[in-house]
Amino acid sequence: MTATEFLPTLGRRALEVLRGLGHSAFFFVELVKNVPAALGRPHLTAAQVHAIGNYSLVIIAASGLAVGFVLALQGYYTLSRYGAAESLGLLVALSLVRELGPVVTGLLYAGRAGTSLTAEIGLMKAGEQLAAMEMMAVDPKSRVLAPRFVAGVIAMPLLAAIFSAVGILGGYVVGVQMIGIDPGAFWSQMQSGVDVWDDVGNGIIKSVVFGIACTFVALYQGYEAQATPEGVAQATTRTVVISSLAVLGLDFVLTALMFSTPG
Amino acid sequence: MGRKGIETLVGVFVLLGMIAVVFLALKAANLASFSVGPTYALSAKFDNIGGLKVRAPVKSAGVTVGRVTAIALDPQSFQGLVTIELDSRVKFPADTSAKILTSGLLGDQYIGLEPGGSDKNLNGGDQIKMTQSAVVLENLIGQFLYNRAAEGGSEKK
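Protein chains in written order, with this note's numbering: chain V, 9 to 271; chain C, 1246 to 1402.
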């Protein structure tokens, strides 16, 4: 490839990326503008909370329990070397509330709910349902997209809180019931070390941000999907990839902002 | 499923989420121990506050009676100026002394209040006059070594 071919290709790629970013930003603004419309139709939002939240409960609770079990086992292994096995409750609770709860829930949410949102909207587009709505002067953004967006933003923090709570209970089962750590020390160390606003509150803020990001990516990919079976399949794949990367990237940024100064 | 059924299930989901948040706040992070009742502020100056942090507990006889709300350096005396808030139900005599103590060998630091015998009580905005600084391990070791060296020197004589 010569320089005369390379430079235009590079320029075109860069412009495409920029155009995509700008396009998605406008889409996001449109979505946020339509949020009041979605709040005005609570039954549409409720149906979506049901689809996104209730159906994700089992996988979230099961994963939270498993993560709590493993955290307790691995944490005990390390802590017992330093004679600090009583701090297991603190270790489990802090890791879950600050990091694992929001992040793992975000990743599971992208896989469980994000994909179904993308596929549903992509197929609606492929079946020209969205176009039909526009013909009837119904804005699909306020009727279809906004309720799903609001539902995702509502469901995600609740799911993350359930994940953390179930995980702590899982850590309790392994730490206290199986390994035999003193239950008083388990809870009191946790309570003295976990701060309501700094740890629990920031964890909830994280999960809200992840909810916004994942739901937005899923809706955007579905709405912009090519109206073919391959197009919907690719859009679904992109939803998982982009959402997961967004969760991990945002998590680093948020952690750096929130927890960079200990104490 | 009708609209009512879906709304009920959503209600169950939201309720579960709320219970989880309350569980995290109360059981994992003990919001309950934060006194929501009225408080009054006191200040104390320490030569060295060690590792004391904002929101560290203030205890008297081991019972938590308040929290540290602010830590600053007093520009005149170059001492650490610590502001604490105490539960209004607990009044301390005016000659109460404050110490910076450590919970356990490597635990967090907290302020211990030892009540004196005065008839007057400390009121909001007052300053605790008698204070004892945090024990800094390096100073302690330095002092120990110095004492040992001094002892060794005197034995030789």
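If you're looking for bench data, these hints aren't it; they were derived computationally from the structure.
Small disclaimer: the values here were computed from a predicted structure and weren't measured.
Backbone N, C-alpha and C fix where the C-beta goes; we use that ideal spot for every residue, glycine too.
Worth double-checking, as some hints may not be accurate.
Covered stretches of chain C, as calculated for chain V (at least 3 residues, CB under 8 Å) [unchecked claim]:
# : region
1 : 1248 to 1255
2 : 1325 to 1335
One-sided excerpt, in silico: chain V residues whose CB lies under 7 Å from chain C [stated by the list, open to error]:
#  : residue
3  : 48
4  : 52
5  : 58
6  : 59
7  : 66
8  : 173
9  : 176
10 : 186
11 : 197
12 : 202
13 : 208
14 : 248
15 : 249
Checked hints:
With 5 residues carrying a beta carbon less than 8 Å from a beta carbon of chain V, the region 1248 to 1255 of chain C meets the three-residue requirement, and the given coverage holds. Figure legend: the region 1325 to 1335 of chain C, annotated as covered by chain V; annotation inconsistent (0 residues with Cβ-Cβ distances under 8 Å, at least 3 required). Interface restraint check for residue 48 (chain V): the shortest CB-CB distance to chain C comes to about 16 Å, outside 7 Å, so the restraint is violated. Using the Cβ-Cβ criterion of 7 Å, the hint placing residue 52 (chain V) at the interface with chain C is not satisfied: the shortest such distance is roughly 10 Å.
Interface restraint check for residue 58 (chain V): the shortest CB-CB distance to chain C comes to about 5 Å, inside 7 Å, so the restraint holds. The criterion of a C-beta within 7 Å of any C-beta in chain C is not met by residue 59 (chain V), whose closest approach is roughly 9 Å, and the hint is violated. The restraint placing residue 66 (chain V) at the interface with chain C is violated, with a minimum CB-CB distance near 12 Å, outside the 7 Å limit. Residue-level restraint check for residue 173 (chain V) holds (minimum Cβ-Cβ distance to chain C is 4 Å; threshold 7 Å).
A cut of 7 Å between beta carbons decides the hint on residue 176 (chain V): the least distance to chain C is about 6 Å, and the hint holds. Restraint check, residue 186 (chain V) versus chain C: the minimum CB separation of about 20 Å is more than 7 Å; hint violated. Violation of the interface hint for residue 197 (chain V) is found here, the shortest Cβ-Cβ separation to chain C being roughly 10 Å, above the 7 Å cut-off. Given the 7 Å rule on beta carbons, the hint for residue 202 (chain V) holds: about 4 Å separates it from the nearest Cβ of chain C.
Hint on residue 208 (chain V) holds. Least Cβ distance to chain C is approximately 5 Å, under the 7 Å limit. Restraint check, residue 248 (chain V) versus chain C: the minimum CB separation of about 23 Å is more than 7 Å; hint violated. Because the smallest distance between the Cβ of residue 249 (chain V) and any Cβ of chain C comes to about 28 Å, over 7 Å, the interface hint for this residue is violated.
Of the numbered hints listed earlier, those contradicted by the structure are 2, 3, 4, 6, 7, 10, 11, 14, 15.
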